[in-house]
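Participant: Following the hints, complete the assembly by docking chains Y and L onto the known chain E.
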Amino acid sequence: MNFQYLSKIRQQNPLVHNITNLVSAHFTANGLLAIGASPFMSSTLDEMSQVPAIADALVINMGALSITQVEAMLVAGKAMNELGKPVVLDPVGAGATAYRQQIAKKLLSEIRFSAIRGNAGEVAFLAGVDWQAKGVDAGCGHADVAMLAKDCANRYGCVVAVSGAVDYVSDGDVVFTINNGTPMFPKITASGCLLAGVCGAFLAVANPSEALQAVVAAAGSYAVAGELVAARLEQTQLGQFYVGLMDCLGAIDDDTVAKFAKIDEYQGGLS
Amino acid sequence: MNFQYLSKIRQQNPLVHNITNLVSAHFTANGLLAIGASPFMSSTLDEMSQVPAIADALVINMGALSITQVEAMLVAGKAMNELGKPVVLDPVGAGATAYRQQIAKKLLSEIRFSAIRGNAGEVAFLAGVDWQAKGVDAGCGHADVAMLAKDCANRYGCVVAVSGAVDYVSDGDVVFTINNGTPMFPKITASGCLLAGVCGAFLAVANPSEALQAVVAAAGSYAVAGELVAARLEQTQLGQFYVGLMDCLGAIDDDTVAKFAKIDEYQGGLS
Amino acid sequence: MNFQYLSKIRQQNPLVHNITNLVSAHFTANGLLAIGASPFMSSTLDEMSQVPAIADALVINMGALSITQVEAMLVAGKAMNELGKPVVLDPVGAGATAYRQQIAKKLLSEIRFSAIRGNAGEVAFLAGVDWQAKGVDAGCGHADVAMLAKDCANRYGCVVAVSGAVDYVSDGDVVFTINNGTPMFPKITASGCLLAGVCGAFLAVANPSEALQAVVAAAGSYAVAGELVAARLEQTQLGQFYVGLMDCLGAIDDDTVAKFAKIDEYQGGLS
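Residue numbers (the numbering used here), protein chains in the order written: chain E, 19 to 289; chain Y, 19 to 289; chain L, 19 to 289.
Looking at chain E on its own, in the form it has when it is part of the complex (with noise of 0.2 Å):
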């Protein structure tokens, strides 16, 4: 496959809303600034209602929530949706506490989401599977994480792309695999966050027919740059992956994308 997102994203520099943690933000920024987006952080609840009507996409991350947070996420949420524009679920540690799932179950029933992007615990917990997550970290359990990822965008009525090892996208009818990416990215912190940036980002740029591509695509090309940065270092060079992930996303293009991604249409006896 030969997407075009990355091209199009440095011409039209799309205007990407997180609302994000404290760990991420920085992060994010710099990652979204590297494709060629405009990253806007901020979650101040008087101004979530006029945000919408300049940015391209929302991104909504769970990492750190407050009592003023989580209105300022359903309040742009909402006005997002009204405007027809992308908004992106990243469901941090979401059954890691009773909080937690309380917050992402409220915020799955007052939104409407283009795109949900998690580990395969935070998906498991949203589809209602059991699962043995560890705080924000993944966790491990016996599920199918194909099967994971299709029920999930089923009962929620979005793309869900679940990170790992392999990724899976699906739409709730089919699942695509990407068998591209290295066991530095749940390593270094937030990697899985500017993942969700990054979705909003290709999303933003898409027709909206398209979603299921445009994040397949974004997992992929973010999997690629990854892969591309840690064939050069040792394992356990987290510094350098860091700082050689956010020149790879400065320097990415479709071409270098197509050439490496390993996108397949997984064929394992879906339901």
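Worth double-checking, as some hints may not be accurate.
One copy or two, either will do: identical chains are not told apart, so a pair holds if it fits within one copy or between any two.
To be verified - 27 Å max Cα-Cα, derived DSSO-like pairs, lysine-lysine:
#: 1; residue 1: K26; residue 2: K205
#: 2; residue 1: K103; residue 2: K123
#: 3; residue 1: K103; residue 2: K205
#: 4; residue 1: K96; residue 2: K280
Read the hints as simulated data drawn from the structure, not as lab findings.
Facilitator: Then chains Y and L, alone, in the frame of chain E:
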């Protein structure tokens, strides 16, 4: 011009109090440490009347706002005014939303600033000039940027620095241009926020009558640092630019700035 | 001494809950991931009573405070106390303002800490000793730092680690010195905050009776990592020090620490 501010900062180690946002806090603190200042990043309302006694400068950054944080800005700003210590405003995204417009006006009406540091879109808003800003990015417009700097400086009775491909710094009377820098600056987040912090450090060691010169020196030193780092990188190596900028800010001295800075008085027909 | 804490952390992957500030959150999370721990950075009051059930250690950082955040610290700290799990205090800028002095006292009176990690100025304040601290930086004073560590440890009945050119760690009985490290540590922001997090990870895998040894090992491992990185850099290369520190924390093992650590029992005439 050969300034001596960097050597003074390294000798005096001024405490620079920053009321700033979750995107720029870590980066700004590191940049201030690199040039020899001592950053203090609190926006805790309960201690805002206590910090000015130990601070040598205050930098108010509008990047992320909340009712409590705006109150903190007002308390700290007024206390610094009473003590006659320098206060810098970074009007991040000042024109982006009605809420930010209102807060920018409130801060400017209740606090006397020594300097304002923003991009052209932000300063145009403060100067009351029509401009197509884009979120927190500069956007573009047709006004003469030198005039913007001068008008804004006159309007608020302080030094104004407009960051861009060329920097313009004015006290409302003369305008200086700084022809250094790199297009990589706006591609890493919070590079403008850090410059506002650097202006605070320079003002902290300057005589109050030298505010124009101190801000010119701050913007010139920062632009030279960026230029020297970018000269040995590809334009897309944004991760390495970030790292190299910290290295360079740690090493740069007044002589290096004097050698490379292209600072001139603007002669372009200011009315 | 040859400790086995790093290998235990990489095997057990303890969940380290950090209630911390916007300056240190990203850096601390990355450093904890690098040594093999699983960071959880929430200070959301609504989930503070729920996180202790899944956390293996709690690290309370006073860097940025708010009424809600202090309440979160108290709820989480008391819950960890009830569960018998380790709690670490980083008293950032404890003596800098009257507000911080009050919060430090409140935390120390309501929570039982396993360890306190601070610079000399902060620990001097906690120990009730006069000291010229400077904001969040150590400042200087004439008290004997070994005595400071010992007195503070006795006063609060916990292990106390004082960071500096030489680290001092005491349980109120004996004092250990760590003659490793680099002057580059205090030149990057949040390097002390990350050490407090690392202490949390070491305590999480240690037997409760080994608290002194675990904190000595944590401070020793961290100091050795910094020393190894600094050895191949110029003192001004602060960006590369940051990157190299993450790489080194990702790679360092107990044998390397044992080889380079200069840890001794202090014999300097403690009364």
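Participant: Decide, hint by hint, whether the structure agrees.
Facilitator: Evaluated hints:
no.: 1; hint: K26 with K205; result: between (30 Å within a copy, 17 Å between copies)
no.: 2; hint: K103 with K123; result: within (21 Å within a copy, 31 Å between copies)
no.: 3; hint: K103 with K205; result: between (32 Å within a copy, 25 Å between copies)
no.: 4; hint: K96 with K280; result: neither (36 Å within a copy, 50 Å between copies)
When the structure is compared with the earlier hints, a violation turns up for hint 4 alone.
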